[in-house]
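Novice: So you can see what is in the structure, the chains are spelled out below.
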Amino acid sequence: MTRKNIKSPVRETWSHFSRSWFSVSGLIILAFLVVVAVSGKVLTEWFVVFDAETVRLPQKLLPPMSLANTNSFDETKGLLFGRYLLGTDELGRDVFARMLQGSFVSLSIGLFAVGISLVVGISLGGLAGFYGDKKIGIIRVDTLIMRFTDVMLAFPTFFLILTVVALLPPSIYNIMAVIGLTSWMGTARFVRAEFLSLRDADFVVAAKALGASEMRIIFRHMVPNAVAPVFVSATLGVASAILAESALSFLGFGVRPPYATWGNILSDGRSYIFDAPWLFFVPGFAILVVVLAFNLVGEGLREALNPQLRRTK
Amino acid sequence: MMFKYFTRALTQRIFLAFLISIIAHAVVHLAPGEPSEVDPSNPLMKPEDIAQIRMAFHLDQPLYLQYAYWIRDLVNGDLKSFKDSQPVLPKIWERFLNSLPLFFVGTLIVWCLSFPTGIYAAVNRGSKYDRLSTFGSYALISLPSFFLAYVAILWVVNNFGVPVLGMRTFGLEDASGISRFMDRVWHLVLPSFLSAMGGVAVLSRYVRSQMLEVIDQDYVRTARSKGLDEDTVIYKHALRNALLPFITMFGLMLPAMVGGSVIVEQIFAWPGLGRLGYEAILNRDYPVILTLNFIAALLTLLGTFISDVLYAVADPRIRLQ
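Taken in order, these protein sequences are the chains called R and A. Take the first sequence: its position 147, counting from 1, is numbered 148 in this note's numbering, and each next residue is one higher. Take the second sequence: its position 286, counting from 1, is numbered 1077 in this note's numbering, and each next residue is one higher.
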């Protein structure tokens, strides 16, 4: 093998990932989404170019692309070309601006929830994998953590999320936390399995022999090698967190106003499905496209990171 | 050997069930707020009334005693709902019977649709059909379920003109047996299809990947080179070997009866378990919420136990471990 054929792991993963048209288009959509979400935050809250909050009751339920009535409101501020690009809702708010604002909130719910579940999952999985043989009293750490994981896995996730969110005071942070704290179990299992196999790997033994501290071995040597499968479940996790938020909104336990999320725009829109179908279909398709993109990227990553699946490709 | 394997699997489950009951109780009772605070603005609720309610439901006791009371009442069958003081278990049982047909038909749809889809996709790997079904199944799991349900309801009501909400149409009690039966069937079709959609997407992907794994095996190549026709190769030699992991899935579908059905039952006004849970949550009816969560977790344990047992019966290698 010549030097030229040896690729770094990242490049090799990328070359497998980019072979699938699905995953690449998913990635492009996600990049676009990040731009939309950040500009949504900036343009609707910091420099109000698009105005998501003004209530204009005389102009409620206008279809997409309709001209704003500038007679009753002397300013067309907050509108592009003086038009409601995606129509207005039941209070006459601009749906386009609300969707922009909601993209940031929806995405951050997904990311924060997954962040929480990663922190919990990696810590518990790592503890069980690395210090599993230590004992607290008569119980092994591994037994303790993994039985707890089993218990959490036994609850039907959505019903548990619903129960806790409904009992807690309504707040966007509670929703993120609850979704995150009920979805770490897969990650914990992956990380534990990886840690168990890495514990005896040559490079870990070598690091130990060189006198590296335990913390250094764990965070410098083991965690980077154990996170590959976690990437996959994290990507898929964002998708299911966004869906969970919209389902919670549907049941009336979602994010409360003034925050607009795609989930609550969609679930409010269902009452106007005949009079103003855009209120229902715009957020519905937005969620479909974004969640689909996360799922496709996650699946592409799974195939690219798994040598066994690569061979069959 | 077999017996030892089962007893070990069973004792593990019983221990887990005990842990689950503790954690379920803790989760529900540690959350701030109390059932007695559901309606604080009600002027008829005087502080002494609240104190009386708290006493009647042991809410003034420390947590571990509340847990003991809950378990005692659950076992004796005296556990009462906060809302209407009806016993909890018969209430759950009644709703369970309503959920059962939905669950049964839904499961049937999942298995009948995903096997042909997955097998066909695996056999024609890389074809247009394969890519289409891949994309389709991702699209299905990427839709909020209520979005799909609303679109489907609109479509059915506009095109077929049949009522779909609830379990049956009111006022049909005097109708002939056949039209009553058709009414029930129509009410069952849409919700069970919708609750099956996610399952079809996931399971057909799984069938496809299992088939792909088996299709490259030596014995399949041997069968083909023996000159067997393609159908025999696929359905006799490949499929039978790919089936093994699916035995476990039978058991794993049980818990979806509670958790997976909340949204669908809510949309279709179907008086089943998921809807009971939702109503209980709205009313802060702790005994019902708690017992439902516990039962759902028990169903999961039962499901994994059944799948372990089936697997051990089907695959002797497992028992020997």
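In case anyone wonders, no lab produced these hints; they're calculated from the structure. Since the model is a prediction, treat every value here as computed from it, not as a measurement. The reader is advised that the hints may include incorrect statements.
Unchecked claim - Cut-off 30 Å, straight-line C-alpha distance, at most; resulting in silico cross-link-like pairs (BS3-like, lysine-lysine): (1) A/919 to A/871; (2) A/1027 to A/1017; (3) R/136 to A/1027; (4) R/42 to R/136; (5) R/135 to A/795; (6) A/837 to A/795.
What the hints assert, rightly or not - Distance windows between CB atoms, simulated: (7) A/1018 to R/210: 23 to 33 Å; (8) R/175 to A/972: 38 to 48 Å; (9) R/202 to A/821: 54 to 64 Å; (10) A/851 to R/134: 55 to 65 Å.
Glycine included, every Cβ here is placed at the ideal spot set by N, Cα and C.
Novice: The structure should be examined with respect to each hint, and the outcome stated for every one.
Specialist: A quick look at each hint next to the structure:
no.	hint	verdict
1	A/919 to A/871	57 Å, violated
2	A/1027 to A/1017	14 Å, holds
3	R/136 to A/1027	51 Å, violated
4	R/42 to R/136	48 Å, violated
5	R/135 to A/795	28 Å, holds
6	A/837 to A/795	59 Å, violated
7	A/1018 to R/210: 23 to 33 Å	59 Å, violated
8	R/175 to A/972: 38 to 48 Å	46 Å, holds
9	R/202 to A/821: 54 to 64 Å	41 Å, violated
10	A/851 to R/134: 55 to 65 Å	44 Å, violated
Comparing the model with each numbered hint stated earlier shows that hints 1, 3, 4, 6, 7, 9, 10 do not hold.
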